[in-house]
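Spelled out, the chains give:
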Amino acid sequence: MAVDAENQADLELDPVTETADVDAMIEVRDLTHYYGPMPAVENVNFTVRRGEILGFLGPNGAGKTTTMRILTGFMPPTRGTVTLDGFDVVEKSLEVRKRVGYLPESVPLHTEMTVTSYLKYMGTLRGMRARRIRGRIDDVIDVCRLEDYSKTIIGKLSKGFRQRVGIAQAILHEPEVLVLDEPTIGIDPIQVVETRSLIQDLGREQTVVLSSHILPEVSMICERVLIIHEGHIVAADTPNNLAQHLRGVAQLEVEIGGPPAEVLPVLRNIDGATEVTHHPRPGVNAYRVKFKEGADLRDDISRTVVSNGWSLLSMQMSSMSLEEIFLRVTTAEDDVE
Amino acid sequence: MRTIRAVAFKEIQIYFSSPVAYIVALIFMALSGFFFVRDLGNPFPEASLSNFFQGATFLLIPLAPALTMRLLAEEQKLGTIELLLTSPVRDWEVILGKYLASFVFLLFLLALTSYYVILLLVFATPDPGPIYSGYIGLILYGMAALSVGILTSTLTSNQIIAAVVGTGILVVLYATSFIGDVVTGVWATIFNQLGFTSHFNDFDRGIIDSTHVVYFVTVTALFLFLSIRALESRRWR
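Chains as they are written, first to last, in the working numbering: chain A, 1 to 337; chain B, 1001 to 1237.
By construction, these hints were calculated from the structure, which means they are not laboratory data. Note that the Cβ used here is the ideal one computed from N, Cα and C, for glycine as well. Any given hint might turn out to be false.
Beta-carbon label-pair distances, calculated as ranges [stated by the list, open to error]: (1) B:1218 to A:186: 47 to 55 Å; (2) A:139 to B:1232: 31 to 39 Å; (3) B:1221 to A:132: 33 to 41 Å; (4) B:1214 to A:213: 51 to 59 Å; (5) A:95 to B:1022: 54 to 62 Å; (6) A:130 to B:1017: 15 to 23 Å; (7) B:1205 to A:37: 35 to 43 Å; (8) B:1232 to A:174: 42 to 50 Å; (9) A:143 to B:1128: 55 to 63 Å; (10) A:130 to B:1186: 55 to 63 Å; (11) B:1001 to A:174: 19 to 27 Å; (12) A:174 to B:1037: 58 to 66 Å; (13) B:1178 to A:129: 48 to 56 Å.
Turn these sequences into a full structure, and let the hints guide you.
The structure is reproduced here in structure tokens:
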């Protein structure tokens, strides 16, 4: 028991590793994969909870696709274990594959088939019965808005519509886990918005793992983000926490109606404030208050302002965008090496 | 079983909707017809399909790999193999399904040649024995040739390479028997036992020898086994 408690403590110290979760859908432990002598991913650990939407974020060649190919049972890892719904991806590959819907990055489709016959084929491969396939094809064609193209040869469809067919085949058998590799790459902006909302809808019932190198997209869709860089997970958290955690220092933008000469020293006196700067703008006096992460000065500031008889015009937490975090995390990693 | 059927059915559909298969059928019919009529100019032509059978074994050397070259190479080229292999389908089911499709197309080709049999029956009274045995031999021979093509298609994503290498292997297997005719002693036996032709000739003469049946079935099983292994190894590359 003592040993267990110690392990537990270790796990909590490591921001990347998480404690074992009974509700875990996917568990990845010490995953390493080599292409030749080069590791594509190395000692990657993470857990995906049932019903969660998890985003992999990383530059090209970071190891996102490799990780997804291992999750889906396309190839086995060089080292480490991956379990999906309790089934090992190597030992119980078939059970894993029954539970996964996958959209590879290149959206490979049989271009000589019509949408319906392709979906029927994929359904049969997934072991679905003919009647269920018919019902589900109607459903997914509806969900993916392919009504007008069900009899079209896939080769004649535009990239955006092929993407929809790709998603349609991934969700056809109602898999418990959806793995989408760069689901919005190469399609037009309107379709990107549609695809995102579709993924969010699907994420209500299914566990979704998606990869992207588009930062706003991941922060918009995903409940949790793994930033992966050169085969390592460099950060893992919710988009918001990631912003807070990595910033180290939090800051508030405050607009106060009152004489700056009086306001500044008072703000500097607030317990916890590390740095206060004055930014006059036409008609308004704005201040930027920096403070240590974890503290929340909003309450103190508003009280102080009001008790001094000034007016509090606005107050806003400003956080680092995911883009800034991403750059910071990945460049920090480079500096270490 | 259902997955094998699904894979096979899809490939058969593509066979009958793609030009390549029809071109193969056209070449096969035109050239096998040429072999069939070859002896007709003789004063006493034989009412048999022997010339056709011998010609067909020769024609299948390039045509069998041409039929199978697409089956796995294209999946690898397009990347659809990724979706196939992440479906709950075993590797041997993929290979067997693809193989069955090519076999069905071969049967279709051979069914077309029943036209020669009808011609013979109308204009002469052929001995039916060698016709039956010849077709059985040709089917077995074709099975083996297609399995070689399946292997080379599994090994590459380039259809042309798959067809050329497949043809090369078949040429070697075809020609081995002729080496057996030239050399003497133990070597003659070895080369004759290894080659396709020496095992086919008895069928053409009206003999169904279980040795030859076992030979072609074994060769087919061996190449399909190697194909399954090659597909499995794809995952480790």
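Hints breached by this structure: 5, 7 and 8
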